[in-house]
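Visitor: Spelled out from the first residue to the last, the chains are:
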Amino acid sequence: MALRYDTITFLSDYGLTDGFVGVVHSVIRSIAPEVAVIDLTHGIEPYDVRGGGLALARSAPYLCPGVVLAVIDPAVGTSRRPIAVEIGGGAAVLVGPDNGLLAPVVQLYGGASRAVELTNEVYRLPTDSATFDGRDIFAPAAAHLCMGVELTDLGPLVDPVSLFPAMVPLPREEEGRIHGEVLWVDRYGNAQLNIDPDELVGFDEHVRLVFDDTSRTARRVPAFAAVAPGEVGLIVDSYGLMAVVLDRASAAAEFGLRAGSAVTIEGVDEDRRPGIITPVTISPRPV
Amino acid sequence: MALRYDTITFLSDYGLTDGFVGVVHSVIRSIAPEVAVIDLTHGIEPYDVRGGGLALARSAPYLCPGVVLAVIDPAVGTSRRPIAVEIGGGAAVLVGPDNGLLAPVVQLYGGASRAVELTNEVYRLPTDSATFDGRDIFAPAAAHLCMGVELTDLGPLVDPVSLFPAMVPLPREEEGRIHGEVLWVDRYGNAQLNIDPDELVGFDEHVRLVFDDTSRTARRVPAFAAVAPGEVGLIVDSYGLMAVVLDRASAAAEFGLRAGSAVTIEGVDEDRRPGIITPVTISPRPV
Amino acid sequence: MALRYDTITFLSDYGLTDGFVGVVHSVIRSIAPEVAVIDLTHGIEPYDVRGGGLALARSAPYLCPGVVLAVIDPAVGTSRRPIAVEIGGGAAVLVGPDNGLLAPVVQLYGGASRAVELTNEVYRLPTDSATFDGRDIFAPAAAHLCMGVELTDLGPLVDPVSLFPAMVPLPREEEGRIHGEVLWVDRYGNAQLNIDPDELVGFDEHVRLVFDDTSRTARRVPAFAAVAPGEVGLIVDSYGLMAVVLDRASAAAEFGLRAGSAVTIEGVDEDRRPGIITPVTISPRPV
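Chains as they are written, first to last, in the numbering used here: chain E, 165 to 451; chain G, 165 to 451; chain S, 165 to 451.
Extracted from the complex, chain E is given alone in its bound form (with noise of 0.2 angstroms):
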């Protein structure tokens, strides 16, 4: 028999220390057998929202079509509710809490098409619990969709704009500066900004960027590597947006950075020379 969908694409906020990812793959492996799930990534802060629905969209220009399976849910057994979300005319369906976690995907791809509660009891593991959703809700109804069950049996048809909406930062440009922020933090210490390059035009080579408590000129680079030492290097990261990066070393780490940090670009003037440190006074934090 074809399956509808041959892929699972599974991030969450369980970590690999414990059994949950592998009992997760377990359940799908019981009902659809031959679908393949991979792993994009179980090492989302836990009950980081945010952070996994900006790691899903930032990844999904480079997923296989199928459906995405998201577990970051820290309201688990409330009334948050569990749902799926098509987008792309059918081409993804995506599986999770109805908390946020899903929004910037389906903001990336249009808004969706249609969404369920998932809210009936032959499509979910039998159980008394009410704490692992991922298990017993969301990975029986990832399977269940990829074998063919309509996404219309799984639960009533919800409203697509009553879905808990994305909260993506954007970046307020002011007097010539760019007020924008972190938005991830690599594991090599890269921070990415919500910066577009194109917002960029018109400035030099060389930038000021402001931090919390200090400051920096740093240089426009096409490779972590042109970066010298004691430089501070502004890249094109492998997603589009700009990133604060070093050479071999953290840049997170350097000056403080983590998700939600603020950070503000401007021009360098004249007084100001690569490599100065200036403490500074910071504009309000952009939101």
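Worth flagging that the hints you see were computed from the coordinates, not collected in a lab.
A portion of the hints provided could be inaccurate.
Unchecked claim - Where chain E lies over chain S, by a calculated footprint (3+ residues, C-beta under 8 angstroms):
#	segment
1	186-199
2	233-242
3	294-304
Unchecked claim - Facing chain E, from chain G, some residues (calculated, C-beta under 8 angstroms):
#	residue
4	D203
5	C228
6	F367
7	I399
Said to hold, decoys possible - Okay, the calculated bits of chain E under chain S, using three or more residues with CB under 8 angstroms as the criterion:
#	segment
8	170-177
9	225-239
10	271-280
11	375-388
We treat Cβ as the ideally placed atom computed from N, Cα and C, and that holds for glycine.
The hints should help you fit chains G and S onto chain E, whose structure is shown.
Guide: Chains G and S only, in chain E's frame:
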């Protein structure tokens, strides 16, 4: 050719930083290329046979039928026996060291129907090494079982009664108090106890939890997010046991709990209201 | 259609916290859906080309034939060449950056039969990015090779002699002492040395290990658990090299060892009995 088993569930304390897990996958694939390997977890603390055995037992009801490959093996290379244990009348075969790791699952499924010692060199990797039996003995045995090799071809039968027994701590009731202990602290800091909800029949919604050097009133809650700020929750977790939890915070970190920590549940007396912390002298730790 | 290779073994320093590894899996699956991807490890320290190359060489004898995808690439986006290297007369093709990462394996298998630079844009992902060649260049090349694309279709042949050489440290014998170094510290704290058991012919059961600022008598043991409390063991590890070990404890933590640490093995003289710690001045570190 049809496989006898098509899934190997793999648990170890190998971690994911070295190539141990990848090499085991590769050995399995070279013998049984069509078999799916599900990584339950490799994040068990090094040498923690008890923790690994409990993790396996906890997940077992959700695992695909097939072979379980479990390797936490501090005595590798000594006289401890490498074994394969058949349970459920052949529904599953457990492969690993005879050191108690497999015992909780065996017990859970009513004991072993058959067991063998893995001595047949035909089904081992040719090697001089005595320090990586996961690669050289256990993985090949698991893969060959999937390919249809008979259990008794792997080595001589051993009496199931001679297998290393399970060491699962039981709670103890005394004068209306339940003396239990922490079985597992998960990624979120939830502390699973060896206490069944049935044992709390007769207790109120609020109970007193007595830890090593403090005590707290806890409320029985249906969901993590039902725990108010500053409150402690007692929840039926996803494996049907009582767990001490906070909302979006680590109960284990808050109260210094780890696997093996003693926790006593008693009634809340009138002088002790929710939220009041009282240092206490705890009862001797039950085993 | 038959695959030319059906397995890709994947090693990197990407870690599992970000979505890098998942995205690479997804790119491979979108090109070569029937190919199995085995994650050897993604926990190599960031930028540690030497450590990654050694991990690959260590595991190579146990890997399925096919394609190896290896990405530790601090100079991504610069003039360092992306390459594919054929070894074993086509039994395996290694794909990654030409920075020495692949070199130990190539050396182990008697050198490259052919090598190409991955310049053909037809077999790359269309992208403006220059910071994630694992996704954009290496994964597509690996997947296309599996699907039957000819090595020489990926780009022009390069002279294998021009490839970045392996930097594997050799031990040095001097006046009856063997000057070696730590190649690898595993999860358990076992410290693998670049010393073969054959080099210890003529030494007694007890030898003296000289570390940076201390020395210890060690006993050659057949198993970790054969090391007595307080004793230090010297074992032939699962890859056939000597390793410094303790029983259920980290030798690396105990003696401050990490990859690259100098370790000298010498005979135990009469004044130095097992268990006595003597500060020493070590010989200059061999390279």
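Visitor: Give a verdict on every hint.
Guide: For each hint, the structure was consulted:
Given as covered by chain E, the segment 186-199 of chain S passes the check, having 8 residues with a CB less than 8 angstroms from a CB of that chain where 3 are the minimum. For a cut-off of 8 angstroms, the count of residues in the segment 233-242 of chain S with a CB near a CB of chain E stands at 5, and the three-residue condition holds. Residues of the segment 294-304 of chain S lying with their CB closer than 8 angstroms to a CB of chain E number 5, which satisfies the three-residue condition for coverage. With 8 angstroms as the threshold, the beta carbon of G/D203 comes within range of chain E, its nearest partner Cβ sitting at about 6 angstroms, so the hint holds.
For G/C228, the shortest C-beta to C-beta distance to chain E is roughly 5 angstroms, which falls under 8 angstroms, so the interface hint holds. The beta carbon of G/F367 comes no nearer than 18 angstroms to any beta carbon in chain E, farther than 8 angstroms, and the hint placing it at the interface is violated. Using the Cβ-Cβ criterion of 8 angstroms, the hint placing G/I399 at the interface with chain E is satisfied: the shortest such distance is roughly 6 angstroms. Counting residues of the segment 170-177 of chain E whose CB lies closer than 8 angstroms to any CB of chain S gives 4, so the stated coverage by that chain holds, three being the minimum.
Evaluation of the coverage hint for the segment 225-239 of chain E: fulfilled, as 3 residues show C-beta separations to chain S shorter than 8 angstroms, against a requirement of three. Remark: the segment 271-280 of chain E is not confirmed as covered by chain S, as 0 of its residues place a Cβ nearer than 8 angstroms to a Cβ of that chain, below the required three. Note: the segment 375-388 of chain E has 3 residues with beta-carbon separation from chain S under 8 angstroms; the three-residue rule is met and the coverage holds.
Checked against the numbered hints above, the structure breaks hints 6 and 10 and satisfies the rest.
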